[in-house]
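J.: Knowing the structure of chain A, use the given hints to seat chain B on it.
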Amino acid sequence: MKIEFDWKPLLLVPVLALVALPLTGSFSTWLTLTVAGLAMGMIIFIIASGLTLVFGLMDVLNFGHGVFIALGAFVASSVLGLMGDWTGSQELWRNLVAVFPAMLVAMAVAGAVGLAFERFIVRPVYGQHLKQILITMGGMIIGEELIKVIWGPAQVPLPLPEALRGSLLVGDAAISKYRLLAVAVGVVVFGLLAWTLSRTKIGLLIRAGVQDREMVESLGYRIGRLFVGVFVVGSALAGLGGVMWGLFQQNLVPQMGAQVNVLIFIVIIIGGLGSTGGALLGALLVGLMTNYIGFVLPALTQFASIFLMVAVLLWRPQGVYPVANR
Amino acid sequence: MSTNLLSLEGVHTHIGAYHILHGVDLAVPKGQLTMLLGRNGAGKTTTLRTVMGLWHASQGRVRFGERDITALRTPQIAELGIAYVPENMGIFSDLTVKENMLLAARGAKNAQQMDDTRLAWIFKLFPAVEKFWNHPAGKLSGGQKQMLAVSRAIVEPRELLIVDEPSKGLAPAIINNMIDAFDELKRSGVTILLVEQNINFALRLGDAVAVMDNGRVVHSGSMAAFAADAQLQQSLLGLAL
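Taken in sequence, the protein lines are chains A and B. In this note's numbering, each residue's number is its place in the first sequence (first place is 1) plus 1. In this note's numbering, each residue's number is its place in the second sequence (first place is 1) plus 3.
Pulled out of the complex, with its shape left as it was, chain A reads as follows:
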């Protein structure tokens, strides 16, 4: 009996990149777009990883996930606003010292709000999909209004710290410094998630619960508590993703979560509901596709991800890495 890994979906990323190479006109443009696409993909993955586990573990459709993105970004804007001396410095380490606590505070606040969101909004509607969609969307609207109350309804700037602005030149290609940081943060988050899911008992429980939560309970584990933990971590990761997305866009609006929501649902559907590896792959594909199409056929940018989702689902109706037993 051989252990076989399904490599075919992984090939989609290099295939997409290779197909885009002649269409973008030059290697340097292609390289710039590819790094930008990977960075965008990594940020979307950070946001989507929690959502896919929440859906996989408890069959909960949380359309309010976007509020944690916006919350994380706005909290970070306040923290970074207090650290003007550090963000204004030309030294990279001082910039990172400012960004790191902003990320931690954003994650803590988003996680805490996630705890309340699960208790008062999600828990009363377990097992009722229509009500889940309606009430979580309602929760997001309330969250957006509360953000307007605290930070005001106007657009809030979130400038990049000094040393993270600009690009590095690789040949003729300009590679944004911040996008490299986003890729690095995404790799670290994926590494930690992959390690937790594959090497710890909590991770085993999460993977098992995604497949058959009734059996996990029959083995003596309280999956409800596990779910709360995953929901809080997922919310915190969305908060972190919000910080990354906010710095990526450099402007914040209270509705930013709702705007990203569509993308992350596309990503988890492409990846296979409940699959973390699938979410990473889906996020990278969406990030690359958005950047390539945005350059080659700008009028179709908004539809690029939907085209991609349709194509993937025609090939694999359950997503690229469907979770067994679902």
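FYI, nobody ran anything at the bench for these hints, they're computed from the structure. Here the structure is a predicted model, which means the values were calculated and not measured. There's no promise every hint is true.
[What the hints assert, rightly or not] Only some residues are given here: those of chain A computed to face chain B with a beta carbon under 10 Å: (1) 205; (2) 209; (3) 213; (4) 217; (5) 218.
[Said to hold, decoys possible] 30 Å max Cα-Cα, derived DSSO-like pairs, lysine-lysine: (6) 202/A / 142/B; (7) 9/A / 101/B; (8) 202/A / 127/B; (9) 134/B / 189/B; (10) 142/B / 112/B; (11) 202/A / 112/B.
[What the hints assert, rightly or not] Where chain A lies over chain B, by a calculated footprint (3+ residues, C-beta under 8 Å): (12) 79-89; (13) 94-102; (14) 126-132.
Idealized CB from N, CA, C, for every residue including glycine.
T.: Same frame as chain A, but now just chain B:
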């Protein structure tokens, strides 16, 4: 005289609008293997799921020893020392055999902390579990999955083992292996409640028997007496052993 480890008194269970169990009275004597027999749709699986708290009794009492477990949640019931192997085996296909076993060993944080002596005993009962230790459980054959499901249930000592149709869909040679394994389990002193459709399986292993029909237990007693009464078998199951 043996005491009862598990007892159900007048248990009714509803699933949605359907009334499935109509006052089940069942006693599982400590240290014995009790066979729960009956035609398809008689309510056997519902009875097991009600004991495990996966569906809750709308009326009546479920007792484990002296404790009333009727209203307890499934994890609490499992923590009392009841292991359950469902009809679909409940194998986590994306996990390896080792990971499936580690999950069931609640006291172990990693594979190194699992009880080696007990694992050696399980490997002797079911060599396939050792052979495919690091393989994905989803790649196992039906018989190997059933062996893993039972191994998982006994990876730590439990007071009561509840198994739903362990011979379902298995080849005769595998069924014989399974019978030998349950025989060994009986000798280890664990109490077993087993739902079965395979009458030879029931005859060779059962100490006590309960027969269900239309959501009720319509006969209970010793397996030996049941096996000797062809007329009773004919009337209850429509066949003779």
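J.: Does each hint fit the structure? Answer for all of them.
T.: Hints, one by one, checked against the model:
1. Nearest Cβ of chain B to the Cβ of residue 205/A: about 6 Å, under the 10 Å cut. The hint holds.
2. Given the 10 Å rule on beta carbons, the hint for residue 209/A holds: about 5 Å separates it from the nearest Cβ of chain B.
3. For residue 213/A, the suggested interface contact is upheld, since its CB lies about 6 Å from the closest CB of chain B, less than 10 Å.
4. Below 10 Å, beta-carbon pairs count as interface contacts, and residue 217/A has one with chain B at about 8 Å; its hint therefore holds.
5. With a least beta-carbon distance of about 4 Å to chain B, the hint placing residue 218/A at the interface is held under the 10 Å criterion.
6. The hinted pair formed by residue 202/A and residue 142/B meets the criterion: a straight-line CA distance of about 22 Å does not exceed 30 Å.
7. Restraint check for residue 9/A and residue 101/B: satisfied, since their Cα atoms lie roughly 27 Å apart, inside the 30 Å limit.
8. Only pairs whose Cα atoms come within 30 Å are accepted, and residue 202/A paired with residue 127/B is accepted, the gap being roughly 26 Å.
9. This hinted pair checks out: residue 134/B and residue 189/B have alpha carbons roughly 24 Å apart, not beyond 30 Å.
10. For the suggested pair residue 142/B and residue 112/B, the alpha carbons sit about 25 Å apart, so the restraint of at most 30 Å is met.
11. A hinted pair counts as satisfied when its Cα atoms are at most 30 Å apart, and residue 202/A with residue 112/B qualifies at roughly 6 Å.
12. With 4 residues having a beta carbon nearer than 8 Å to a beta carbon of chain A, the stretch 79-89 of chain B meets the requirement of three or more and the stated coverage holds.
13. Residues of the stretch 94-102 of chain B with a Cβ under 8 Å from some Cβ of chain A number 5, which satisfies the need for three, so the listed coverage holds.
14. Restraint check on the stretch 126-132 of chain B versus chain A: 0 residues with Cβ-Cβ distances below 8 Å, three needed, restraint violated.
Hint check: a violation occurs at hint 14 only; the rest are consistent with the structure.
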